[in-house]
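K.L.:
Chains as they are written, first to last, in our numbering: chain A, 75 to 1051; chain B, 19 to 131.
If you are wondering where the hints come from, they were derived from the structure by calculation, not from laboratory data.
If a hint is listed, it holds; no wrong ones were tucked in.
What the simulated footprint calls covered on chain B by chain A, stretch by stretch (three residues with Cβ under 8 Å from a Cβ of chain A suffice, anywhere in the stretch; the number is not a length):
hint : segment
1    : 57-67
2    : 90-99
3    : 116-124
Virtual Cβ for every residue (Gly too), placed ideally from N, Cα, C.
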Amino acid sequence: MSQKFRTRSGGHIDRSRTLQFRFDGRAYQGYPGDTLASALLANGVRLFGRSFKLHRPRGVFAAGAEEPNALAELRRGARREPNTRMTMIELYNGLEAASQNRFPSLRFDVMAAAGLVAPVLSAGFYYKTFMWPAAFWEKFYEPWIRRAAGLGRASGLADPDSYEAMHAHCDVLVVGSGAAGLAAARVAGAAGARVILCEQDFLPGGGLLAERPHEQWREQTLAALSAMPEVTLLSRTTVFGYYDCNVLGAVQRVADHVPEPPPYTPRQRAWTIRARSVVLATGAHERFIAFPDNDRPGVMLTGAAQTYATRFGTRAGRRALLFANNDAAYDGLFSLQDAEMEIAGVVDARPDSAGAAAARARGITVWIGASVIGTAGRQSLHGVRIRQHGGDETRISADLLCVSGGINPAVHLASQSGTPLVWDDRLASFVPGVPVQTQHSAGAAAGVTGIAAAAADGARAGAAAAANAGFVADAAIDLPCGDAPDPTVLPVWEVKAHGKAFVDIQDDVTTADIRLAYREGYRHIEHAKRYTTHTMGTEQGKTGGLIGAAVLAEARGARVQDVGLPTFRPFVMPVTWGAIVGARVGEHYAPVRLTPLHDWHARHGATFMEAGAWLRPSFYRVTGDADDWASVLREARAVRRAVGICDVSTLGKIDVQGSDAATFLDRIYANTLSSLPVGRARYGLMLREDGIAFDDGTVSRLGSDHFFVTTTTANADPVMAHLEFHLQTCWPELDVQLATVTDTFAAMSVAGPRARDTLVQVLRGLDLANHAFPFMAVGDAELAGFPVRVFRISFSGELAYEIATPWGCGLAVWQAIMQAGAAFGIEPYGVEALGLLRIEKGHVAGAELNGQTTAADLGLGRMLKPRGDFIGRALAGRPGLVDPGRPRLVGVMPTDRSNPLRAGAHLVEAGSSTSLGWISSVTRSVELERWIGLALLRGEGRIGTRLQAKFPLTGEKAEVAVVSPHFVDPENARVRA
Amino acid sequence: MKAACWTSVAPARSPGCNEAARMIRIDCPWCGPRDEIEFTYRGDATVRRPDADASAEALHDYVYARKNPRGWHKEWWHHVHGCRQYLQVVRHTLTHEVRSVARATDTLDLPVG
Ligand SMILES: [Zn+2]
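Put together the whole structure using the sequences plus the hints.
P.N.:
Put into structure tokens, the structure is as follows:
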């Protein structure tokens, strides 16, 4: 029975080679040039799938991207891809595909056989079922509906293939390679414009592929285009979105037509194309008519049947009947007759017409003023019931019912670009109005039908687009000629008769569903769409969207053009996540920033944590550490008792220079910096303009006009943007230059009572004696022969020096210090120990600088300068921000010293559940050998009292003592030692 | 889903309902035409920071009061992955059309209508 539905000859298929493929496990044969759909039709397959909600048998309905029914799971294993349109799947040797929505098999489906589905899944069923008890939904409806309604299954495995992104610029982008698109590309290309021509099919030509007389022009034009070096033809490339400023998105299916992508080849490529001008030659989609059982396998769009016969050399049936309301559809039927199919006749909704006369001249019976009122057959069509002019009903034997309700110009991209749509009475459809971006619609997409007329329209659009980009199109090109039938339709949307008449075949939406939505109050097209799921599938209403609108219009007593269509949005066609994500998967998801010491940390047992884009050592595990805490505590003890070294290269660093640098920093920081002497550093606090604390760090004065500013790691970018904003837009008169030097300098903190003893061994050119280089001093020096800048600042509360050195010298300087400190037991310490030390000291960090706290909340209120303007000055004084009842920074300790603390716990009075504040940071103190924490606590005078720390998520509760946040060395003597 | 958008046929799109459609091109006076992804939006450029001795009320309006126009709007866009300059951009809030781009210190008037 191999390919018994092939025509004898012709078509864009290579009959000299046979391809083997499998569908639902069964072996078939096809030809190169086939789609999966055309090859299955050639083999006599009529049942392609089961419908989404009702599990009705479905055949192939279209021949292109608008296919609603013939969806398959393509390939196997990790490469299995659900919901692929069989009409777009290019056949290859070894292809494997499976039908969807059937259980246990396509021919016998439990859901359909039992008729289980229809009564429940009426319009709005999701909304209605949500009204039922939640438990009912979870236990019964959701799992049941998920099995009953749904499309194909994803593989559930990691995608083994790669995807990539491509960015392109061109003078003229032409979308679609039918007669209009080819002519436009050729004219624009001949004018010298850089042209990109995108065609979603694997074969360029669009509607020309079904028109044998124009094959020569197609070939000539393609040859001419390929000879133009500035013209790029991208086949298998769907333009899916039209964005602002003539930016369009496209996806190229690079290797979907082979079993596996060749080495170093992506499966798909996502294009972002920026075009000076755009020609939309996207053609049109034929629409059907809603009549009872219009979804039966064997009912097909007329143009699709014509395409199968002429392009694919495949008869979609043995005996064809046409139901139409326009002359253009007759040409399709004639092509079937030419392909030696038996013709049952024409059911024409109109009175007599040129088409009917032409049919009769070919010996075809025509019933004028008639309509189809039903179809017969179980899993494929074998008969059609018609109502003749006058009302008599007849049954006609046919296994292919071609339907044509007219055409819908493919206006999706034009509409996305902002172009308004206008109603065309002749086509009874929307066509693009005056574009708002530099864009031209041409050919059938603009409502211009017939090959010759569309090509001429494309040539006009191509010349106009070239002119938009500054090119003169003056070369004449060959254009096809010939007459085309009149596309004028008699608008027939629906035939009212008994039975389910579908307006959205893919989503199982019927005329009755639309009317139900109207009766229940969903009268706007956007409401009716969401209530019924009309046009919400992969097909997006390409063939039936307007029919649903027309049914709603009738219910409302309005004109269909006034009801309109739902908004067109990207994506025009389904696009895989792989193409959108591209290479940004796994470790390539986001860039990672590493300090120059990263490899050293890794070699010395560091466990890393993410800090923004940075990886920082969390702690270093050494032999003998029982657990993570053991490592952290060991590191912190080294700092408190001897000396430690911490990589702080990730801190944000900004170089500020200029004669107004001091003035600028006074306005940026809440405290005064202009009084800072050269060679000294000062703690600096920045507020946001609304008075909330923003960031803190140190400001060092390196010269009278030269400052060096540090920020927290997390805020390095926002602080730089904040400085730039105010300098450029508020005070452009200031002579200040800013430069980010975060990764110009590596930085390390050497902290602990033996820090000076360590550094003096390797540091030259700077006297570290306390009187010569006191707390907050800054100086340049040399360390092991490398240039360094030394800052005597401390985050840990110990005697400490921060050493900055050019990024490339970081490792050598670090190693020299490690060597010098070995005698004192120097230990590298990570972010965890750093946090432990700062909590012991009561220094705030991200958990306290949380975007809700003021300077006063953090115990820093006295830093705000009393005179002079600064960012946040005025609004920091608002009553709500100076309210003494606001939560303030305090310290907490469990009264039972063996109890732990938990960050996030709420502080309440004993016996109360009213939160007075929360614990923001906790750690295990090495100084006090117990858990301690910082908290934000409402009310004055609470230090010395006891409260409950409650963590309701786990039911934990512990008594805590409220204490000063300065657990260690409150007099700050150690840093000055 | 973001805030619903209930336009039917025309206009085809309203701001806020088309999440993928964020591809404005901005002609930076320093760098030339660049994609929106190189920029960070910094808000209303019609408000200016009050003088040093301004009242809390004036600062309040500067920080919080916004006109939220439907139509032409003057905005700050920071060319954060380019020249690091803040630019004044006249953009139509309904169509995203960018009418003009100027340096921070230039005088730039909004189009009428
Ligand atoms: Zn720039």
